Amino acid sequence: MAARARQVVKAYGTGETRVMALDHVDVDIARGQFTAIMGPSGSGKSTLMHCLAGLDTVTSGQIHLADTEITGLKDKKLTQLRRDRIGFIFQAFNLLPTLNALENITLPMDIAGRRPDAAWLDQVVETVGLAGRLKHRPTQLSGGQQQRVAVARALAARPDIIFGDEPTGNLDSRAGAEVLTFLRKSVDELGQTIVMVTHDPVAASYADRVLYLADGRIVDEMNNPTADQVLDRMKDFDARGRTS
Amino acid sequence: MTVWKTSMRNFFAHKGRMALSAVAVLLSVAFVCGTLVFTDTMNTTFDKLFAATSADVTVSPKNAKVDDIPQNGKPESLPASVLARVAKADGVKKAEGGVSSPAVTVVDSHNKNMGSETGAPTIAGNWTQNDLRSMEITSGHAPRGPTEVMVDADTAEKHHLKLGDELRTIAATGDITGRISGIATFKVTNPGAAIVYLDTATAQRALLGAPDVFTHLSLTAEPGVSDARLKQNVAEALGGSATYKIQTQQEAADANKDSMGSFLDVMKYAMLGFAGIAFLVGIFLIVNTFSMLVAQRTREIGLMRAIGSSRKQVNRSVLLEAVLLGIVGSILGVGAGVGLAVGLMKVMGAVGMELSTDDLTIAWTTPVTGLALGIIVTVLAAYIPARRAGKISPMAALRDAGTPADAKSGWIRAGLGLVVTGAGAAALWATTRADKASDGSGLLGLGVVLTLIGFIVIGPLLAGVVVRALSAVLLRFFGPVGRLAERNALRNPRRTGATGAALMIGLALVACLSVVGSSMVASATDELDKSVGADFIVQAPNSQPIVPQAAEALAAAPGIEHLTHYRVLDAGLTTPDGVTKKQEVTAADPSYQQDVRREVLSGDLAAAYGKNAMSVGEDYATAHRVKVGDTITVAFKGGGTAKLKVAAITSDDTALDQGAMYINTSTARKYVPAAKMPQNMLMFAEAKEGQEDAAYAALKDSLAKYPTYKVQNQADFKEDLKDQIGQLLNVVYGLLALAIIVAVLGVVNTLALSVVERTREIGLMRAIGLSRRQLRRMIRLESVVIALFGALLGLGLGMGWGTSAQQLLALEGMGVLEIPWPTIITVFVASAFVGLFAALVPAFRAGRMNVLNAIATDG
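Chains G and Z supply the protein sequences, listed in that same order.
Mapped onto the numbering used here, the consecutive letters of the first sequence carry residue numbers 304 to 547.
Mapped onto the numbering used here, the consecutive letters of the second sequence carry residue numbers 5 to 863.
Keep in mind that the hints were calculated from the coordinates and are not lab data.
Quick caveat: nothing in here was measured; it's all calculated off a predicted structure.
Honestly, I wouldn't trust all of these hints.
[As the list claims (entries may be wrong)] Here chain G is said to cover these stretches of chain Z; the calculated rule only asks that three of the stretch's residues, wherever they fall, bring their Cβ under 8 Å from a Cβ of chain G: (1) 488-494; (2) 820-831.
[Unchecked claim] Over the 10 Å line for every Cβ pair with chain Z, so calculated as not near, a few chain G residues: (3) L376; (4) D387; (5) T401; (6) G435; (7) D541.
Here a beta-carbon is modelled for each residue, glycine too, at the ideal position from N, C-alpha and C.
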């Protein structure tokens, strides 16, 4: 297992106003798999990802990243863990505007004081197709290119697991498809583990497995989905949500 | 109305971000108001004092000078017979003869000086009924006979004097020793003068050197007789006012005030000058604050424009915020200013200038000036950012509200800045080439102003270059964190430029003054080495003359080869071309030629010390076409007229005795009666061969009874000079500290606002693994780089100014340029620490920022 959550609760507020963002969630993320987390707004899908990635703390329950329990870790350890073992792709503002593409890609390793593996870096850059644009600043790149830089950054450090938070949310469908193809390729060809939060059925269809979240609970899952299947399932939830 | 509402809401929503700007306004306004309150209070104090001490009408000799220490140690006097004539005038209720002399030193039985060390006078006089206007005897009684003395209560308290203690009054005619018979207390505030009273006969003999003379007559009017009326009557009784100075109470008080007023004015304008510098620095802070607030609010402003706000409305809403900021800062500043004034009074009390908070004077103009200045400066500073806000297009609402785009500095700006800087540099260069100090000082001022403006204008351009250079040297040791810091400092050169420029201003002045100060010391030292041959120099503080009994004591010291008298005489000189001019003539002993070596252009200086001979300076000789062998008619003040032959012309290329005309002491004695002979201004001594140390000790011993005089060998003299200039510089640095504090606030402000602006980035970096420590270090390094940028510019500019000033002052004898590298380097290193300090809070807050802010998909 690349990541494992057991009875994870994330609650905000107390008493009457207590809101359960995550309500005793159990999740297993398999190594070398592309997992998508789906759910309507407010379902807790982003919160789940933040907790799994050590960005947010849980109210109770345990989360393991490989063999390391991350719940209860101090900020310093968590930061190190994120730096060395996790990659991130966010929806927007993925890159530091002051650094060029290459510097952004190697930033996590630079921060850690590690030398990037040159051959691997070349391969990653080649894979995401950025070879000609490494010296460009983020403002000189299109939205799709920026996201590809973010993917390259996530891959370059060879993390145990990459978390993506709506990585294609800000892209048009063609650019989005490109980015998702790279993510898919990195799982298939490089054996990368990826967890992605999305509300886009097309994006989810690139995953090996889709988890559905509603009201802080995992309500369903699907393996090797197609976009249509995902869409149907979503409609189904919507309908049920409305009638219940 | 909506504009008003938006401004109010914005102002209060961002009150944290406005806080530092408000503090900058507050400090500057406080300094202005503090200065005004303080000087007004001093004025009030002196007004009250002089009004209380002046009689209804005062009669004094025509050329009596207020407060001036007479060269011969005896103030101008008038005969007692005048008192009898005045007393008979109509409307005079009482007429008293007064004696008062500021040319005294008072010591206790341990030879400790009872007077002020900081410039306030020591005054000896006789006790009259008139003194009861301002004082009362609180213990003992007024002095009777030559062995009694009364002292003022402040002095008694300061030096723990009680009735029966011995006090010695040192005057030109000799020492008067008496026991304290009484203590008199001021009814108004006495800011620091030490006062002793003798009985009238003793005062006349000891202070004026003759019986039956007075320095002034104090007249009291009969009821119903106005001061002006009385003045007229007295003038008639004296047969016209031509021979004597007759002043009403108001006139006497005003005359006294005038002598004080110029000193107060100098102090006031100097302090206001420093407040002005602080304001200038504050402007940068305010400009930065508003620029950053506008940048952060771009999307919001775009939305306002999209839904129909006019440019003018947006513009006005930003300016309104500035007005609010100005009002808040200024009101607090006025309050703080009063506090500052009180604090300043306490500080002055500690150094011997007593002021009472009862006299605290807050004129209505003070708060009005403070408020007006604070608000106007704030609004002016916010004007450019406000205009920029007005120019924001409605499209901005639709763009991503990411980090505001990097501002690039324009080429026009760079070109303009280079032109202005170039012009300034040319002016400074021309300064160093000036032939006359008067021409050069204008050029220097122009050069300073132009280079300062030029540097401010090209600041953003320089920021790019200097920050890169600094980073290449310093930040590369910090790896990727250093690189991030460098990029952050570079991302908005305009902001970095303005922040650095604020620091630059203060530090440029520090550097300039330190260069001038140490060049002054170096030049003086050089001059001393070159031209002073005397082993020892004797001088009194505040250019007081040396009383004859001290001169005699020095002469009696063993181990002395020679002791040189050095007097300055006032005279009217008539040259062969028929022009008569007032001039100072230096009367010295021939041994002075060894004490201070002078370059002689023509003639023989030794001959100038001969009978009926003199020397003149080069400039005077040129101006009046005087040659060696010519005769000059010298009319000595209070003495006879001599025809003296010019025996030598000395070079004016010197800092010591520039333009001095020498005659022999014996020549002076021949024409000036002993009673009118000025006292020595300085004295020089030479030890017998090999007895330097013994002679030094002996000279010091000989002055034990005269504690205000200092005898110094050359090494101590140089050290003393260095200390004095050092102290002066420290005071100036202290005043500049205000501007530097405001500049540091500016760095804090820029960093704090940048951290807010970069919330997302910081979150992102933390998410991908930047530790808190690395984050804090990144911000600290950015701060250090900005501070060092400001320091580098400031120190460079300041050294340029200082060097130009020295080159100019070389014409006045300041020939040696010395750059005080230890000071410069200390300031540079200290700036790095200032940067670290400024980053403390912003870095701490950045470290505590929530990582999730970066990921929250829509902000």
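Here's how the hints hold up against the structure:
A stretch counts as covered by a chain when three or more of its residues have a beta carbon under 8 Å from one of that chain; for the stretch 488-494 of chain Z and chain G the count is 4, and the coverage holds. Counting residues of the stretch 820-831 of chain Z whose beta carbon lies closer than 8 Å to any beta carbon of chain G gives 0, which falls short of the minimum of three for the stated coverage. No beta-carbon of chain Z comes within 10 Å of the beta-carbon of G/L376; the shortest separation is about 13 Å. Not every CB of chain Z is more than 10 Å from the CB of G/D387 (nearest about 7 Å), against its label as outside the interface.
Separation of G/T401 from chain Z is inadequate, the least Cβ-Cβ distance of about 3 Å not exceeding the 10 Å criterion. Every beta carbon of chain Z lies more than 10 Å from that of G/G435, the smallest distance being close to 23 Å; the non-interface claim holds. Every Cβ of chain Z is farther than 10 Å from the Cβ of G/D541; the closest lies at roughly 21 Å, confirming the non-interface assignment.
In terms of the numbered hints stated before, the structure departs from hints 2, 4, 5, listed from lowest to highest.
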